[in-house]
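J.: Using the sequences and the hints given, assemble the complete structure.
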Amino acid sequence: MRVSFERSGGFAGITMKRAVDEKDLAPDEVQKLHQLVEEADFFNLPDKIIPRSPQPDRFQYELSLEKSGRRHKVTVSEEALPEKLIPLIKWLMEKVRQARKGKESP
Amino acid sequence: MRPVGYMGIHSIIPPYMLEEIAKRGKPHQRDWALRNLALAGFIRGQRFALGILPSMAPVGHKSRTVYDCKHNDGEPPAGTLVRKEGDPPSKDIAVNEAYDGAGSTYDLYDDIYERNSIDNRGMSLVSFVHYDVNYDNAFWDGSEMVYGDGDGEIFDRFTKCIDVIGHELTHGVTQYEANLAYSNQPGALNESMSDVFGSLVKQRTLKQTAAKADWLIGAGLLMPNIHGKALRSMKAPGTAYDDPVLGKDPQPATMKDYVHTTSDNGGVHINSGIPNHAFYLAAMKIGGNTWTKAGKIWYIALRDRLRSRSNFAGAASATISVAKDLYGNGSKEMKAIRNAWKAVGVI
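Keeping their order, the protein sequence lines are chains W and E. Residue 1 is where the first sequence starts when you use our numbering, and the numbers rise one by one after that. Residue 107 is where the second sequence starts when you use our numbering, and the numbers rise one by one after that.
Check each hint, because a few of them may be wrong.
[Said to hold, decoys possible] Heads up, incomplete: computed chain W residues facing chain E, CB under 8 Å, no partners named:
id : residue
1  : E6
2  : S8
3  : G9
4  : I14
5  : Q60
6  : R70
7  : P87
8  : W91
9  : R100
[What the hints assert, rightly or not] Label-pair ranges, simulated between beta-carbon atoms:
id : chain 1 : residue 1 : chain 2 : residue 2 : range
10 : W       : H72       : E       : Y282      : 35 to 41 Å
11 : E       : G228      : W       : G69       : 56 to 62 Å
12 : W       : Q35       : E       : G353      : 54 to 60 Å
13 : E       : H366      : W       : H72       : 21 to 27 Å
14 : E       : K448      : W       : G102      : 42 to 48 Å
[What the hints assert, rightly or not] Cut-off 30 Å, straight-line C-alpha distance, at most; resulting in silico cross-link-like pairs (DSBU-like, lysine-lysine):
id : chain 1 : residue 1 : chain 2 : residue 2
15 : W       : K90       : E       : K335
16 : E       : K313      : E       : K168
17 : W       : K101      : E       : K266
18 : E       : K335      : W       : K95
19 : E       : K354      : W       : K73
No lab work stands behind these hints: they were computed from the structure. Cβ coordinates follow ideal geometry from the N, Cα and C atoms, glycine included.
T.: This is the structure we're talking about:
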């Protein structure tokens, strides 16, 4: 499984990206990622979850996922995030922070 | 970050619950619920609205409240009232910054543009500080301002900069006036209007002329170890920061470098550099205190001429025509504005 993650927008408008490949993760991390993707029901989420009138300065998230030959991309506004997707987003943001701190190779 | 998709595909909060909140919630919760009902088209023209609309009655004078979220998230944000209009300063610097910044923004609109608060009907100004944990953002949620404390690594607290506060409140003004759609060029114009008036709140507070102003947005918001002086520069878009971790400020100054993207609602925080720079060029040419002329022209365009789908070219013709009406055909002001939009390649 491979995940590409991007957070754009916000007041600062600074885009943060991270690609995560399960090949590079420890076994417990692989298990966690699979569990989060499962709980998010990711492959059944709509492509775009964007309100008609997005709130100014909120973040926009883009997640692309490849798993066993399946691909899906979801673009979602922060204020419209489905509850079940939030843990996956938080996990990925933590990966962005870790890469930034240089605690592991990006 | 525990949002609900009340307007999106997933309608988690059903209208009847919003109605309950609108009837029985605290004032800011009622405003939030009412707005979402209105956006969803539930109360337009219905009798239901009549009984609760008085809760949004204008106060008609400056009325600020600041709530402390105590690092809780939630939509709408919730918190404890920590300072209201006329109260002495708090020991909490974020509370005082939110209060004072809202006051300076109210004053710019009231003193200079004769606007009665954000909605021009005397709406009270509600701020929430200490939202969520390490929240590196500030936003206008449709009826109130919400500020995070930053992550302490890249961003300091978002109340720190008075132009950030003016920026957020101006999103409210835009919502009640042109209501510029928040994507692509109309969205970038929406962002630019917030930067323009955010900068003017700062310039007026510091008593700076166009020539003296730094024309930066969010100066001091980046932590000292980050290579950058601010988040955006209206004077030189694309030069605010250049950091090994953050990358380089992506803002273009002219249409030649317009960024086509699906990120950030179509690059609304990126392409705002173009109208921002046009405003800077016009203000520098006109000279003096920017809020008196260039600011007034932009304000009237936002209030009376721009529409939800207006693009950069629409903003150019609107501001040129307002300058013509206010200062005369062929006036120095009108020429300055036309030349500014030409310089950035919009016309």
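J.: Determine for every hint whether it applies to the structure shown.
T.: Structure-based check of all given hints:
no.	hint	verdict
1	E6	holds, 6 Å
2	S8	holds, 4 Å
3	G9	holds, 4 Å
4	I14	holds, 6 Å
5	Q60	holds, 6 Å
6	R70	violated, 21 Å
7	P87	violated, 11 Å
8	W91	violated, 12 Å
9	R100	holds, 6 Å
10	H72(W) x Y282(E): 35 to 41 Å	holds, 38 Å
11	G228(E) x G69(W): 56 to 62 Å	holds, 59 Å
12	Q35(W) x G353(E): 54 to 60 Å	violated, 32 Å
13	H366(E) x H72(W): 21 to 27 Å	holds, 24 Å
14	K448(E) x G102(W): 42 to 48 Å	holds, 46 Å
15	K90(W) x K335(E)	holds, 29 Å
16	K313(E) x K168(E)	holds, 21 Å
17	K101(W) x K266(E)	holds, 25 Å
18	K335(E) x K95(W)	holds, 27 Å
19	K354(E) x K73(W)	holds, 26 Å
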